[in-house]
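Asks: The chain contents come next:
Protein chains: 4
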Amino acid sequence: MSFNTFGHTFRTTTWGESHGPALGCTVDGCPPNIPLTEADIQQWLELRKPGTSKFTTQRREADLVKILSGVFEGKTTGTPIQLMIENTDQRSKDYGDIATSFRPGHADIAYHLKYGHRDYRGGGRSSARETAARVAAGGVARQVLAALAPDLKITGYMVQMGTKTIDRSRMDLSTLSDNPFWCPDPVAAVEWAGYLDELRLSHNSVGAIIEVVAEGVPPGLGAPLYAKLDTEIAAAMMSINAVKGVEIGEGMAAAMLTGVENADEIRMGNDGPRYLSNHAGGILGGISTGQPVVVRFAVKPTSSILTPRETVNLQGEEVDLITKGRHDPCVGIRAVPVGEAMMACVLLDHLLLDRAQTGGQRGTIG
Amino acid sequence: MSFNTFGHTFRTTTWGESHGPALGCTVDGCPPNIPLTEADIQQWLELRKPGTSKFTTQRREADLVKILSGVFEGKTTGTPIQLMIENTDQRSKDYGDIATSFRPGHADIAYHLKYGHRDYRGGGRSSARETAARVAAGGVARQVLAALAPDLKITGYMVQMGTKTIDRSRMDLSTLSDNPFWCPDPVAAVEWAGYLDELRLSHNSVGAIIEVVAEGVPPGLGAPLYAKLDTEIAAAMMSINAVKGVEIGEGMAAAMLTGVENADEIRMGNDGPRYLSNHAGGILGGISTGQPVVVRFAVKPTSSILTPRETVNLQGEEVDLITKGRHDPCVGIRAVPVGEAMMACVLLDHLLLDRAQTGGQRGTIG
Amino acid sequence: MSFNTFGHTFRTTTWGESHGPALGCTVDGCPPNIPLTEADIQQWLELRKPGTSKFTTQRREADLVKILSGVFEGKTTGTPIQLMIENTDQRSKDYGDIATSFRPGHADIAYHLKYGHRDYRGGGRSSARETAARVAAGGVARQVLAALAPDLKITGYMVQMGTKTIDRSRMDLSTLSDNPFWCPDPVAAVEWAGYLDELRLSHNSVGAIIEVVAEGVPPGLGAPLYAKLDTEIAAAMMSINAVKGVEIGEGMAAAMLTGVENADEIRMGNDGPRYLSNHAGGILGGISTGQPVVVRFAVKPTSSILTPRETVNLQGEEVDLITKGRHDPCVGIRAVPVGEAMMACVLLDHLLLDRAQTGGQRGTIG
Amino acid sequence: MSFNTFGHTFRTTTWGESHGPALGCTVDGCPPNIPLTEADIQQWLELRKPGTSKFTTQRREADLVKILSGVFEGKTTGTPIQLMIENTDQRSKDYGDIATSFRPGHADIAYHLKYGHRDYRGGGRSSARETAARVAAGGVARQVLAALAPDLKITGYMVQMGTKTIDRSRMDLSTLSDNPFWCPDPVAAVEWAGYLDELRLSHNSVGAIIEVVAEGVPPGLGAPLYAKLDTEIAAAMMSINAVKGVEIGEGMAAAMLTGVENADEIRMGNDGPRYLSNHAGGILGGISTGQPVVVRFAVKPTSSILTPRETVNLQGEEVDLITKGRHDPCVGIRAVPVGEAMMACVLLDHLLLDRAQTGGQRGTIG
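Note that the protein sequences, when read in sequence, are chains A, B, C and D. In this text, residue positions in the first sequence follow the numbering used here: the first is 1, and each later residue adds one. In this text, residue positions in the second sequence follow the numbering used here: the first is 1, and each later residue adds one. In this text, residue positions in the third sequence follow the numbering used here: the first is 1, and each later residue adds one. In this text, residue positions in the fourth sequence follow the numbering used here: the first is 1, and each later residue adds one.
What the hints contain is simulated information worked out from the structure, not anything from laboratory work. These figures come from a predicted structure and were not determined experimentally. Positions of the beta carbon are idealized from the N, C-alpha and C atoms, including for glycine. Careful, some of the hints might be misleading.
[Stated by the list, open to error] To be clear about the criterion: a stretch of chain D counts as covered by chain C if any three or more of its residues have a C-beta under 8 angstroms from a C-beta of chain C, and this derived list gives those stretches:
{"id": "1", "segment": "159-173"}
{"id": "2", "segment": "206-216"}
[To be verified] No farther apart than 30 angstroms at their CA atoms in a straight line, the calculated lysine-lysine pairs in the BS3-like style are these:
{"id": "3", "chain 1": "C", "residue 1": "K164", "chain 2": "C", "residue 2": "K66"}
{"id": "4", "chain 1": "A", "residue 1": "K54", "chain 2": "A", "residue 2": "K164"}
{"id": "5", "chain 1": "A", "residue 1": "K75", "chain 2": "A", "residue 2": "K153"}
{"id": "6", "chain 1": "B", "residue 1": "K75", "chain 2": "B", "residue 2": "K164"}
{"id": "7", "chain 1": "C", "residue 1": "K164", "chain 2": "D", "residue 2": "K153"}
{"id": "8", "chain 1": "A", "residue 1": "K75", "chain 2": "D", "residue 2": "K75"}
{"id": "9", "chain 1": "B", "residue 1": "K75", "chain 2": "B", "residue 2": "K324"}
{"id": "10", "chain 1": "D", "residue 1": "K153", "chain 2": "D", "residue 2": "K164"}
{"id": "11", "chain 1": "B", "residue 1": "K66", "chain 2": "B", "residue 2": "K153"}
{"id": "12", "chain 1": "B", "residue 1": "K164", "chain 2": "B", "residue 2": "K54"}
{"id": "13", "chain 1": "B", "residue 1": "K324", "chain 2": "C", "residue 2": "K75"}
{"id": "14", "chain 1": "D", "residue 1": "K54", "chain 2": "D", "residue 2": "K324"}
{"id": "15", "chain 1": "A", "residue 1": "K75", "chain 2": "D", "residue 2": "K164"}
{"id": "16", "chain 1": "D", "residue 1": "K75", "chain 2": "A", "residue 2": "K324"}
{"id": "17", "chain 1": "C", "residue 1": "K153", "chain 2": "C", "residue 2": "K324"}
{"id": "18", "chain 1": "B", "residue 1": "K164", "chain 2": "A", "residue 2": "K164"}
{"id": "19", "chain 1": "A", "residue 1": "K66", "chain 2": "D", "residue 2": "K164"}
{"id": "20", "chain 1": "B", "residue 1": "K75", "chain 2": "C", "residue 2": "K153"}
{"id": "21", "chain 1": "B", "residue 1": "K66", "chain 2": "B", "residue 2": "K54"}
{"id": "22", "chain 1": "C", "residue 1": "K324", "chain 2": "C", "residue 2": "K164"}
{"id": "23", "chain 1": "A", "residue 1": "K66", "chain 2": "D", "residue 2": "K75"}
{"id": "24", "chain 1": "C", "residue 1": "K75", "chain 2": "B", "residue 2": "K75"}
{"id": "25", "chain 1": "C", "residue 1": "K164", "chain 2": "C", "residue 2": "K75"}
{"id": "26", "chain 1": "D", "residue 1": "K54", "chain 2": "D", "residue 2": "K66"}
{"id": "27", "chain 1": "B", "residue 1": "K66", "chain 2": "C", "residue 2": "K164"}
{"id": "28", "chain 1": "C", "residue 1": "K75", "chain 2": "B", "residue 2": "K66"}
Please model the entire structure based on the sequences and the hints provided.
Replies: In structure tokens form, the structure reads like this:
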């Protein structure tokens with residue numbers, strides 16, 4: 001059984017392979033009467049699309065989205081929205097070796113073992129191209145959020161590339177689009193460019209850590225116990241290709257704190273409780289508190305590299321493999337808009353879930 | 001909407017509050033003809049139950065499980081299995097203050113905001129007592145795994161308590177039950193005892209990191225893309241109370257690796273591919289490879305402490321709160337058997353899912 | 001895989017066997033702050049419970065429901081509600097023959113073929129006793145509906161027993177509780193008593209048709225295309241033991257109508273559209289229109305009868321079987337409150353689903 | 001919330017409107033290594049496509065299916081299969097009146113009330129054109145069934161049109177394609193042609209009853225209690241446009257039978273139990289017995305007719321409405337291949353579900 005759907009009420013089913021004719025998704029459960037055009041979605045796809053700098057794959061895809069259903073006269077109808085992106089720059093000949101040998105650290109061998117038959121071209125279904133469909137779905141989610149939770153704002157950026165981290169004292173989110181890394185630290189961004197160039201030219205790749213913050217999240221979102229908001233965000237991020245770790249708030253570092261330190265103390269603000277810190281990442285007991293929701297996730301380095309690595313082939317022969325083709329030296333870069341899109345989808349899903357159960361009513365304080 | 005069910009084919013629905021008459025779970029989708037007695041489940045509950053050392057809550061619960069359905073003449077029938085554990089040592093009077101004030105860092109305020117009405121006694125539904133039901137479900141899963149995947153072995157242990165980590169060169173899993181921490185490093189275990197005692201006596205608590213390893217996992221488990229095995233394990237662990245970070249294999253550290261380093265190179269072994277390293281934690285493309293599956297998760301410190309913390313009450317007044325009652329100074333300790341149980345449930349679920357889609361057939365190499 | 005859960009947002013998971021220690025259900029997703037006591041639920045269980053007349057099984061069960069979780073200080077908390085009913089009058093010795101022979105027309109043989117191992121006592125999981133859990137869940141649903149849709153009223157009754165139908169010109173719903181059949185036609189009720197007595201004394205049983213009508217259903221409920229309201233109601237009724245046919249509105253007779261006849265013409269009433277007929281049973285395109293929702297379902301005759309029938313046993317020997325034990329001569333009678341309960345659950349589920357997607361907003365006319 | 005997905009393990013999500021650019025479906029969970037080409041699917045679409053006789057809509061659609069994903073080198077890969085059918089013969093100008101007036105007996109008004117905004121052209125999402133996607137999904141299911149259950153055979157036909165029924169003594173399934181009605185009674189087929197012509201020319205339409213029989217269904221399929229095989233088939237059929245009643249085996253007539261009559265007595269055959277009758281329609285306790293599975297469903301008459309009917313418009317004015325456009329005088333005709341497709345999907349879904357839980361093992365008799 002495969003699962004290509006995420007979300008409970010705002011449900012996205014993605015489909016498509018890297019080198020097939022097209023890829024896309026069906027967004028089901030979208031509220032009606034939401035303004036939606038292809039341009040509304042395209043703006044987000046532009047941020048993820050390949051070939052925009054030397055630090056991403058040189059594959060040239062326009063990534064133009066078409067709305068095939070669910071929208072009439074510029075507004076959603078409540079019926080399923082089909083979004084299709086045609087593939088136009090496949091170069092399948094690059095993948096001759098991959099057809100019969102398994103890239104170490106890549107999904108190749110696992111798909112072969114499970115299914116016995118796979119579209120190996122460009123990684124097929126396991127390619128990061130699938131994330132275009134997520135970004136498209138996220139574009140729909142953002143339109144709905146703009147209507148239902150207009151104060152909600154989602155921002156993603158890279159906080160670590162390989163061994164290089166940002167200096168949070170220099171963080172300036174207004175500089176994110178000034179560099180090709182979504183790096184909020186302008187000094188680090190310069191350093192990263194040299195670092196990644198070196199890795200790229202030495203036929204290597206590197207991992208990264210992305211942080212996504214959602215401000216203006218209404219309190220009360222989350223469906224304990226098995227759809228706690230942190231669980232859902234963790235699952236959403238972990239479902240992105242190459243992600244191997246997820247942290248909410250303090251994340252793994254929470255282990256090092258004492259109870260005295262970790263307590264996000266509370267005072268009364270003008271419009272309700274005001275928290276003196278946010279170790280919890282905006283989520284307590286699986287439910288949003290009104291503080292910013294903060295997630296970080298680690299993206300492993302691209303496994304498709306030009307440096308030879310030891311592996312085996314279909315015949316069980318031991319071989320050395322070099323992966324040709326056009327690959328991202330740091331696939332984490334393009335994961336930034338993907339992480340934002342997943343955050344938008346999860347928050348909208350839970351906003352809808354919450355109004356199912358509570359009708360959006362809130363307990364009062366004071 | 002609340003979600004108290006986890007799993008797709010092997011589905012567990014938990015219910016119950018800390019101070020209600022009972023708690024338990026319904027296990028649905030269990031294969032028939034599996035030997036199952038209350039004792040088979042009880043052995044795992046014994047490992048999690050409170051009051052076994054001074055390092056866990058002093059609440060005395062026998063945690064005796066009763067099977068109310070789904071088992072006939074000592075074997076499962078394929079119908080839902082109801083497991084009930086009666087609460088016997090509630091001391092609700094300890095919770096007077098909690099009724100009207102919100103513990104900082106605790107689910108209290110979030111539940112209040114979402115639902116407006118909550119069973120505050122002992123944390124109600126958000127209490128770690130709920131994990132008893134998970135351990136019971138895990139006991140059922142282990143019986144099924146023993147029949148369907150007899151080589152599969154799951155082991156959990158603590159690798160960090162607060163700022164104290166184990167020394168992996170001293171790891172000896174045979175010593176896990178020699179100390180009250182499931183600590184695999186006998187030297188660290190001694191140190192931790194003093195460290196935690198000090199914290200406890202100073203009215204504080206501390207976080208921890210748990211690692212769970214599953215050996216003998218068949219290749220081919222995992223349902224890409226949105227039920228990738230790492231996604232599912234991450235969600236399972238993140239759904240446990242107080243967990244704020246999850247890592248598969250290298251986890252967050254994968255960000256620091258280069259593609260050359262991160263490649264788990266492959267050679268041919270006697271019975272199939274043999275990997276030279278396991279950065280991936282046994283999962284590639286969301287599918288198990290046959291290597292050990294490795295997860296780590298961070299548990300934040302218990303928020304219920306005797307040190308006063310600033311907070312607000314229902315009336316919106318700013319108050320200082322001390323949490324009385326009987327609490328774990330390191331709730332991570334008892335999370336070890338819970339993590340094992342969640343791993344057992346996820347792996348069984350995916351073993352069943354996989355035989356739905358592929359019939360358990362595997363691609364061949366060599 | 002087994003499925004013992006129904007509903008999407010208001011989800012009920014039932015468990016338990018006819019002769020096990022108890023049966024019950026978990027109701028998940030219930031809105032918070034709804035007044036709920038055991039008495040609120042018990043009143044509905046009284047209507048379904050066995051042994052109330054000579055026309056139902058003589059098994060004596062008090063069917064007392066206990067609320068084990070999810071309710072605090074008389075109101076729901078939004079967490080899962082566990083409802084348990086203990087079995088007290090099992091007489092398993094009646095079932096000696098059933099252990100090894102398969103009742104013709106009964107689930108016996110199908111359960112054996114599928115699972116290989118079954119609790120044969122009293123039909124085990126396939127017993128109509130399971131419907132007590134549905135009625136309990138329906139009791140919770142009714143409390144929520146009373147708060148969210150106070151004008152909604154659900155009424156079930158029997159319109160046919162065997163070959164005897166009611167005369168709709170004599171229908172008087174105020175007489176339902178005057179006879180043991182929920183028969184709305186007082187004249188037919190008298191006739192049915194003699195008819196069923198004769199069947200019962202001749203060691204036979206008989207089928208029935210139940211009609212359930214929901215008035216005051218808000219327009220807009222239903223989730224096309226695969227959770228159309230008629231689909232959901234049909235599935236709910238077909239999931240009841242022994243049901244083999246379901247009709248919405250005209251039902252099977254819709255086949256005989258022409259388009260001219262079947263059109264439910266519309267005029268404007270004081271508060272919106274007014275329909276001149278209700279062939280559609282209150283549902284168009286899978287969505288409620290505001291008209292009464294009407295469903296009928298057929299219950300087959302009890303297969304456990306004292307008349308010998310040809311069958312086979314576990315050893316594959318051909319035998320004649322008489323079913324002892326205490327059985328309903330017309331199991332359709334007790335299906336009336338069950339049908340009502342399922343209707344309540346489905347309507348509430350869709351009311352919650354609808355407010356997830358549309359927020360309960362409606363298109364306007366005029 | 002809308003639900004455009006059906007199936008549990010073999011899951012189909014449909015999308016598209018009558019007059020949008022395209023419609024289609026995503027089939028997820030398909031087993032890998034199944035031979036599949038567009039021609040394999042197209043053969044079934046040919047049976048449903050419009051414009052093949054004067055008794056169906058005169059809209060001319062080639063209904064050519066394209067496979068956009070999930071198939072590589074002629075075999076399924078286990079990843080989602082996207083099937084797209086482009087709309088080519090929309091004539092939206094026919095729908096001017098429909099934009100603002102509600103056809104009596106049609107989904108128009110219900111969609112308007114629920115969503116406030118709808119694609120009215122050709123019925124939009126509520127159009128029977130959506131069933132093309134179901135037939136395409138059914139084509140995939142049939143390929144998988146051919147591999148996993150080669151003896152399984154599904155046949156649909158019409159047993160009643162309006163007031164005209166077939167004579168079962170004349171039934172000859174080899175004549176189904178000799179008439180435009182899938183009528184198995186050659187004498188009735190002639191009569192029906194005249195009857196429907198008359199209705200059509202008098203600007204009227206009529207309902208129908210379809211029967212679908214599946215032979216060679218393995219015993220053990222079905223997931224009690226809330227995914228009983230009869231429940232699942234009923235839901236599948238009821239989800240088809242215009243269906244208002246569903247019967248399994250005896251269906252509504254089961255109410256008239258006594259227990260003595262309804263018992264499907266059992267003898268031993270050469271290869272297991274042999275049933276002397278099939279009142280149960282091949283399903284007991286929600287589980288297939290190995291007998292033919294029999295379902296009937298009633299399709300109401302097309303509501304779009306040229307005879308004027310009283311209704312209201314958006315402004316709340318009372319108007320008389322004639323529906324222009326190209327409509328089926330008996331939409332039941334084209335429901336025959338749709339019913340077959342739904343049966344194929346449900347049976348495959350349950351075959352996969354069953355191997356998840358039981359591994360396909362069966363209890364033995366004799």
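Asks: Of the hints stated earlier, which fail here?
Replies: Hints 3, 6, 7, 8, 9, 15, 17, 19, 20, 24, 25, 27 are the ones this structure does not satisfy, whereas the remaining hints hold.
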